[in-house]
Every structure is written in C-alpha cells, then in structure tokens.
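Undergrad: Sequence:
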Amino acid sequence: MTDIHSKETRSYNMSRIRGKDTKPELLVRRFLHAHGFRYRIHLKDLPGKPDIVLRKYKTVIFVHGCFWHGHHNCKYAAIPETRSEWWKAKINGNIIRDNKDSKFLKEQGWNVIILWTCDLMKSTRNKKLLSLIEELLTLR
Numbered sequence: 006m007t008d009i010h011s012k013e014t015r016s017y018n019m020s021r022i023r024g025k026d027t028k029p030e031l032l033v034r035r036f037l038h039a040h041g042f043r044y045r046i047h048l049k050d051l052p053g054k055p056d057i058v059l060r061k062y063k064t065v066i067f068v069h070g071c072f073w074h075g076h077h078n079c080k081y082a083a084i085p086e087t088r089s090e091w092w093k094a095k096i097n098g099n100i101i102r103d104n105k106d107s108k109f110l111k112e113q114g115w116n117v118i119i120l121w122t123c124d125l126m127k128s129t130r131n132k133k134l135l136s137l138i139e140e141l142l143t144l145r
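Just so you know, we're using our numbering here: the sequence shown kicks off at 6 and counts up by one.
Check before you lean on any hint, since a few could be wrong.
As the list claims (entries may be wrong) - The following label-pair restraints were derived from C-beta to C-beta distances: (1) K28 - L51: 18 to 26 Å; (2) K28 - A83: 15 to 23 Å; (3) I9 - R60: 44 to 52 Å; (4) K61 - T14: 15 to 23 Å.
Think of the hints as simulated: they come from the structure by calculation, not from any bench.
Ideal placement from N, C-alpha and C gives every residue a C-beta, glycine not left out.
Based on the sequences and whatever the hints tell you, model everything.
TA: Below you can see the structure in the form of structure tokens.
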C-alpha cells in the first residue's frame, strides 16, 4: 500500500509529533500540581529522562504513548501496514529500552509508574489520575 501523502507532507506530519510536553503529559502535570505535588520534568541525569520526577516520593512517572511504546493489547498500538517490519523493530527497540531504563531506576531505589495515553482518555481519566494520587500517597 502506498502512502497517500507526498514525501514532504509525510515528513512535515512526522516532525509535528512531540517527544515531550505532549497533551497527556501536560494533563498529568496539571493534575498533580493542582493537588499539591511538586515535581521536576525530563531530568537528564536519570535513565530515560522521565516525564515527571517526584524526588520527595522517590518516584518517576513516564507518560507513554500507546503506539510509540508498544502498549500490549491496546487498540491504539496497532502496527501500520506500510513498512510493518521496520515499525515492529522500531517499537520493539523502544520496549527494550523502556524495560532497561525501568529496571535500572528500580535498582537505584526509584518507584516507577507508567501511565498509558489510553488510560488518560476522557472515559477513564479521572479514575486513573485519582488512583495515581492514592499510589503516590502510599509511597510517602
């Protein structure tokens, strides 16, 4: 199947995909801040540059896009039909890297929380964010 966009249009579209400060990430950050949590973002001295770092709780939060991080059994993580082998390798590489980073952080005594973008959809958002607060309070 050929791409319906020109090479220039596809390149522009792909360049607009953000690696940080995504809408789901901003949503979580605003929610945490509104509930009194203070944090740092994208610390380069920690593996994987976690999206949110709560030092007081020795906790890092990654807000993963279902597609880019290969959320298992998620409808938003479907591999494209075009260049599917390349995409499988790309996403599997991301999964391996994520697992390695999480393992290292846990070995260093950090609590690792992964939030998936599908969990932050309107229908499940409040429940998921409230359970995040409960989890953080138990780590205190």
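Undergrad: Any hints this thing doesn't respect? Which numbers, in order?
TA: 4
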